[in-house]
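Visitor: These protein sequences, in sequence, are chains W and Z. Position 98 of the first sequence, counted from 1, bears residue number 98 in the numbering used here, the numbering being contiguous throughout. Just remember that the numbering used here sits 260 ahead of the position in the second sequence, which is counted from 1.
Don't take each hint at face value.
[Claimed, not checked] Result set (SDA-like, lysine to any residue): computed pairs, CA atoms no more than 25 Å apart in a straight line:
no., chain 1, residue 1, chain 2, residue 2
1, Z, Lys305, W, Asn237
2, W, Lys236, Z, Gly314
3, W, Lys236, W, Pro196
No lab work stands behind these hints, which were simulated from the structure alone.
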Amino acid sequence: MRRTLAPFGRRLSTVTANEQLGAYNLITTEDPDGPPDPRPGQFYMLATESGWGAGASERPYLPRAFSFARASGGLSFLLEAIGPGTERLAGLEAGDGLWLTGPLGIGFAPPEPGTRPLLVGGGIGAAPLLCWQDELGPETRVLLGFRSSEHAEVASLFAGDPSIATDDGSVGHAGFVTELLREELDGSTVYACGPPQMLEAVRALCAERDTPAQLALESGMACGFGACFGCVVPTKNGYVRLCVDGPVLDANELAEVEAH
Amino acid sequence: MTELCGIHLRGPILNGSGTYDAIAARRTFGDALLETFPFDAFVSKTITLAPRQGNPPPRLWETPAGLIN
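Next up, chain W with everything else stripped away, as it sits in the complex (with noise of 0.2 Å):
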């Protein structure tokens, strides 16, 4: 099953730690009214319970989507202050209040029969990965790619020994992930997450070698459910939302994942 279903409707939750992990945050909420078994991959729309939608900026008003890290001990995202609504969340503290609605759309599917799992994350897009090895087993092989050492303290969070690249080469591999993909991928079904020109060279990699990939994207959305439309992205059928369709898709689905 890659689908949990959510409450109707938004509900407030209490944030019991914000962790700060180098250049990442980790927050982590109680969400009791919640489903305890959302899918890994499956997101949630975020908006703090004070100061969004209003002040002087009066940004962020959108809520903001993010697939959850880990839903044991506590519901957890991973998070970079980049903008108005990032900003707002990583600031959060123990006891505020989060609102949450979710879990959305559909998560990652079983590794195609005879083949092992082989999960790559690319920056934030680490955080599925989290709660996907932690259902697929500790042994499963992991491989990141972050900017810098500062950003690759996410990969403390990972069982194993999860293989690292980063761009400016102060951890690991100096170079991208992909690199480090192209040595590993046979006989896997790769399950990818991060920036869009990291997916695409995924993609292409996997088509090239005839590797089964899932990809999990991204894109700005409003409503998180079906209903507005906005995070349409192209695939070989014509346009679909991640909200409802993905944020998981089959490599295979699309021509090429267009940045945005």
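Assemble the complex: chain W is given as a structure, and chain Z must be docked to it using the hints.
Guide: Relative to the frame of chain W, chain Z by itself:
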């Protein structure tokens, strides 16, 4: 009870004409959506004989306290 152009409605809340896809929303929320359906009448977007792909993204733009879709 609300009367609109001779039609009796449970209440006065209608969605604006747009793309609201109640079928997709039911896939997300299950039957809870139908049990507490948020609108007293449902207004569709313009319906055409042939399907349309719509505009290329980006389709959303956040503004101060608002949204352009």
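Visitor: Now tell me, hint by hint, if it's right for this structure.
Guide: Comparing the hints with the structure gives:
no.	hint	verdict
1	Z:Lys305 to W:Asn237	22 Å, holds
2	W:Lys236 to Z:Gly314	15 Å, holds
3	W:Lys236 to W:Pro196	17 Å, holds
Checked against the numbered hints above, the structure breaks none of them.
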